[in-house]
Amino acid sequence: MNNVFVICETEEGKVADISLELMTKGRSLANDLKCKLEAVVLGHNLKGLENELYPYGADEVYIGDDKRLDPYTTLPHTAVIVELFKETKPQIALLGASTFGRDLGPRISSALQSGLTADCTALEIGDHFVKKENKEYKDLLYQIRPAFGGNIVATIINPDHRPQMATVREGVMKMEVFDKSYEGKLNTLDIDKYLKPEDMVVKVIERHMEKSKVNIKNSSIIVAGGYGMGSKENFDILYELADSIGAEVGASRAAVDAGYADHERQIGQTGVTVRPKLYIACGISGQIQHTAGMEESAMVIAVNNDPGAPINKIADYVITGEVMEVIPKMVKYYKQNTK
Amino acid sequence: MGLNIIVLAKQVPDTRNVGKDAMKADGTVNRAALAAIFNPEDLNALEQALRLKNRYKGTSITILTMGPGRAADIIREGLYRGADKGYLLTDRAFAGSDTLATSYAISHAIRKIEDVDLIIAGRQAIDGDTAQVGPQVAEKLGLPQLTYAEEVISAEKKKLVVKRRLERGVETVECPLPAVITVNSSAPACRPRNAKLVMKYKHAKTITERQNESEDYIDLTADRPYLNIEEWSVNDIDVDSKWLGLSGSPTKVKKIENIVFQAKETKHITSSNEEINDLMKELIANHTIG
Ligand SMILES: Cc1cc2nc3c(=O)[nH]c(=O)nc-3n(C[C@H](O)[C@H](O)[C@H](O)COP(=O)(O)OP(=O)(O)OC[C@H]3O[C@@H](n4cnc5c(N)ncnc54)[C@H](O)[C@@H]3O)c2cc1C
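So the sequence lines, in the order shown, correspond to chains A and B. Note that my numbering has the first sequence beginning at 1, numbered continuously upward. Note that my numbering has the second sequence beginning at 1, numbered continuously upward.
It is worth saying that the hints were derived from the structure and are not from the lab. From the three backbone atoms N, C-alpha and C, an ideal C-beta is built for every residue, glycine too. Any given hint could be a false lead.
[Unchecked claim] Straight-line Cα separation of at most 16 Å, EDC-like style, residue types lysine to aspartate or glutamate; simulated pairs:
1. A:329 x B:282
2. B:159 x A:124
3. B:140 x A:199
4. B:254 x A:136
5. B:254 x A:316
6. A:89 x A:160
7. A:329 x B:274
8. A:196 x A:66
9. B:254 x A:160
10. B:252 x A:127
11. A:335 x B:274
12. A:34 x A:160
13. B:254 x A:139
14. B:255 x A:124
15. A:332 x B:274
16. B:255 x A:262
17. A:332 x B:238
18. A:329 x B:238
19. B:53 x B:174
20. A:332 x B:156
21. A:14 x A:65
22. A:34 x A:139
23. A:232 x A:262
24. B:140 x B:282
25. B:254 x B:230
26. B:267 x A:65
27. A:332 x B:174
28. B:163 x A:206
29. B:242 x A:160
[To be verified] Here are the simulated distance ranges between beta carbons:
30. B:268 x A:328: 48 to 56 Å
31. B:158 x A:207: 19 to 27 Å
32. B:60 x A:206: 28 to 36 Å
33. A:137 x B:68: 25 to 33 Å
34. B:68 x A:67: 25 to 33 Å
35. B:2 x A:298: 43 to 51 Å
Using the sequences and the accompanying hints, generate a full structural model.
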């Protein structure tokens, strides 16, 4: 009761990275609150999955293993988790802001009449005082997220409803093993108890899961191009630089919209959030919606012909010049100095 | 054979042009300060509805929107593109609603509309980017939800087939009607206004809009009932006001911060050979690259 809960998702038979990121965050919230960390995984053929969760500090793992829970459809997953939450009464519940979590989260929150905050970029514990009622709320979950097109950051709280639910995008939180030999407890859910025939009305006829080809999120160096690259052809030089220094190519939305790069490379509020050790922004102005997805990069190099470009304000190195002059030079001198 | 479709559409502030003064002290948005537009993904939703209307004879499309009086613009915009009717849900009691209170109100408005086969909404609105209202409306109505839809493949014999675009692939799903769909921006863009329909519906107005017209305004709705945009308040939908507005919203805004760029010590470099060479050497030396 009154614990922190992570609703996990699986990918190719394993617990997805996003869920392990949330476990890492969940563990630290549970430590702050001096409560337990619990996790639930639903699906089919999940044997042994609890062992992937214990090292992240899971005290209780609930596994619901049933044919009817795979492939994922909204209604049976909602039915199980809503009942489980009525039984276990978590104070906090976290999900990935993935197509899974953004489909399931709102359905659960509506059924439980509890608040949900989407796409949080930070989660903290804090108090809240309501002057009018002279009422103090202790240890609430501060759900911090950009809102309004990324121009503001809002701190959202749910004073009176439980669980306090939040989704977080993949890559926003760190993923860190808590204790390799941590031991939790496994609870196997009797799925028959939770499902009704009317939960099974949606049928997946066909599904082909294509693993996304580009994996900018996992790259420690990103070379990103913006509208200032000027053309799809000019993007080639970015691939060349990325190839030589072991990076992936990312893009701003304006570059994606102009057809210079595919959508899956888009970085920012409506794209991927990245935190590489090095981010090279080429011909990117640095609008807030873009920087929201990369400002946690350890180091930023900006290449821009406008010395006043906003990106320069968050850059560690500002190279003022033409992208098509500067980037080939970067390739050339990198090669010269590493031979 | 025809379907009775409701399209949920929202008028949103154009978040691409936000000024400092756009937030009110209570943490809610002062929409009046910004240009108001048809939420982009709701247009994708409308297009899916229009395609079904082209395909299934007798289909009718109703736009349902919740917002201030000027959100009637959204309904007119829908009529200009081929929708048949619109409801504007407007009341001070809705102000300050979070997604759950909004979904509560919308679901009760939908209950008032008879024989609904299909509810189509945009995946998310650009002012909040939450993607919650579609699924929450579905839950409140006890209907199945198909989110991230890219195409309605068919809606025949009370059975819906939809193609969904997920993070790492594509899924085709089937479910019984009625159901709720939310549509992605990867779906086809909405067709433009139709000039004939613009002529026909130019004077479509809500009762409040008609009352606010000057004295020489001639009300045509008696002869042309299609020019009336229905306006509903809390009293027209069967709701308990404690579930609306701020009191019906579990989430509260504690704090709003305007984003400021962090100030840092920055090194400035030109595009000269020496300086770029030095930079690359430095990055290699300190193991940033290589
Ligand atoms: C709700 C919402 C969500 C959004 N989400 C995202 C998102 O996820 N990601 C994102 O990136 N954007 C997003 N945007 C868009 C964002 O606001 C900007 O429009 C976008 O990031 C601009 O891209 P850009 O910097 O490539 O283009 P521009 O702003 O056009 O900047 C081009 C830059 O290139 C420079 N330049 C031009 N020519 C050269 C040259 N020859 N050599 C060197 N420099 C040159 C210019 O000085 C300029 O700084 C979003 C917007 C909204 C409203």
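Status of each hint after checking the structure:
1. With a C-alpha separation of about 15 Å, the suggested pair residue 329 of chain A and residue 282 of chain B falls inside the 16 Å cut-off, and the hint holds.
2. With a C-alpha separation of about 45 Å, the suggested pair residue 159 of chain B and residue 124 of chain A falls outside the 16 Å cut-off, and the hint is violated.
3. A C-alpha spacing of about 15 Å is found between residue 140 of chain B and residue 199 of chain A, which places the hinted pair at or below 16 Å, so the restraint holds.
4. A hinted pair counts as satisfied when its Cα atoms are at most 16 Å apart, and residue 254 of chain B with residue 136 of chain A qualifies at roughly 13 Å.
5. For the suggested pair residue 254 of chain B and residue 316 of chain A, the alpha carbons sit about 33 Å apart, so the restraint of at most 16 Å is broken.
6. Of the pairs offered as hints, the one joining residue 89 of chain A and residue 160 of chain A holds, with about 14 Å between alpha carbons and a cut-off of 16 Å not exceeded.
7. Between residue 329 of chain A and residue 274 of chain B, the direct Cα distance comes to roughly 10 Å. Compliance with the 16 Å bound is thereby established for this hinted pair.
8. A threshold of 16 Å between alpha carbons decides the hint, and for residue 196 of chain A with residue 66 of chain A the separation of about 14 Å falls inside it, so the pair holds.
9. Between residue 254 of chain B and residue 160 of chain A the alpha-carbon distance is near 14 Å, which keeps this suggested pair within the 16 Å criterion.
10. Of the pairs offered as hints, the one joining residue 252 of chain B and residue 127 of chain A holds, with about 13 Å between alpha carbons and a cut-off of 16 Å not exceeded.
11. Restraint check for residue 335 of chain A and residue 274 of chain B: satisfied, since their Cα atoms lie roughly 15 Å apart, inside the 16 Å limit.
12. Of the pairs offered as hints, the one joining residue 34 of chain A and residue 160 of chain A is violated, with about 20 Å between alpha carbons and a cut-off of 16 Å exceeded.
13. Note on residue 254 of chain B and residue 139 of chain A: the hinted pairing holds, with a Cα-Cα distance of about 14 Å set against a maximum of 16 Å.
14. Restraint check: the Cα-Cα separation between residue 255 of chain B and residue 124 of chain A comes to about 13 Å, which is no more than 16 Å; the hinted pair holds.
15. Proximity of residue 332 of chain A to residue 274 of chain B is assessed by CA-CA distance (about 12 Å); at most 16 Å being required, the pair is judged to hold.
16. Using a Cα cut-off of 16 Å, the hinted pair residue 255 of chain B and residue 262 of chain A is violated, with the two alpha carbons roughly 36 Å apart.
17. Distance restraint check for residue 332 of chain A and residue 238 of chain B: the Cα-Cα separation of roughly 70 Å exceeds the 16 Å cut-off, and the hinted pair is therefore not satisfied.
18. At roughly 68 Å between alpha-carbon atoms, residue 329 of chain A and residue 238 of chain B are farther apart than 16 Å, so this suggested pair is violated.
19. Restraint check for residue 53 of chain B and residue 174 of chain B: not satisfied, since their Cα atoms lie roughly 20 Å apart, outside the 16 Å limit.
20. Under the criterion of a C-alpha separation no larger than 16 Å, the hint pairing residue 332 of chain A with residue 156 of chain B is inconsistent with the structure, at around 61 Å.
21. Between residue 14 of chain A and residue 65 of chain A the alpha-carbon distance is near 14 Å, which keeps this suggested pair within the 16 Å criterion.
22. In summary, the hint linking residue 34 of chain A to residue 139 of chain A is supported, as the alpha carbons are separated by about 11 Å, within the 16 Å threshold.
23. Straight-line distance between C-alpha atoms of residue 232 of chain A and residue 262 of chain A comes to about 10 Å, which keeps the hinted pair within the 16 Å bound.
24. The straight-line distance between the Cα atoms of residue 140 of chain B and residue 282 of chain B is roughly 59 Å, outside the 16 Å bound, and the hint therefore fails.
25. Taken as a hint, the residue 254 of chain B and residue 230 of chain B pair is broken in the structure, with Cα atoms around 36 Å apart against an allowance of 16 Å.
26. Between residue 267 of chain B and residue 65 of chain A, the direct Cα distance comes to roughly 55 Å. Violation of the 16 Å bound is thereby established for this hinted pair.
27. For the suggested pair residue 332 of chain A and residue 174 of chain B, the alpha carbons sit about 55 Å apart, so the restraint of at most 16 Å is broken.
28. This hinted pair checks out: residue 163 of chain B and residue 206 of chain A have alpha carbons roughly 9 Å apart, not beyond 16 Å.
29. As the CA atoms of residue 242 of chain B and residue 160 of chain A are separated by approximately 14 Å, the hinted pair is consistent with the 16 Å bound.
30. The hinted window of 48 to 56 Å between residue 268 of chain B and residue 328 of chain A is violated, with their beta carbons roughly 20 Å apart.
31. One distance hint, 19 to 27 Å for the beta-carbon pair residue 158 of chain B and residue 207 of chain A, holds here, with the actual separation near 23 Å.
32. For residue 60 of chain B and residue 206 of chain A, the hinted distance range of 28 to 36 Å is satisfied, since their beta carbons lie about 31 Å from each other.
33. At about 31 Å, the beta-carbon gap between residue 137 of chain A and residue 68 of chain B stays in the expected band of 25 to 33 Å.
34. Roughly 49 Å separates the CB atoms of residue 68 of chain B and residue 67 of chain A, a value that falls outside the hinted 25 to 33 Å.
35. A beta carbon spacing of about 58 Å between residue 2 of chain B and residue 298 of chain A contradicts the range 43 to 51 Å that was offered as a hint.
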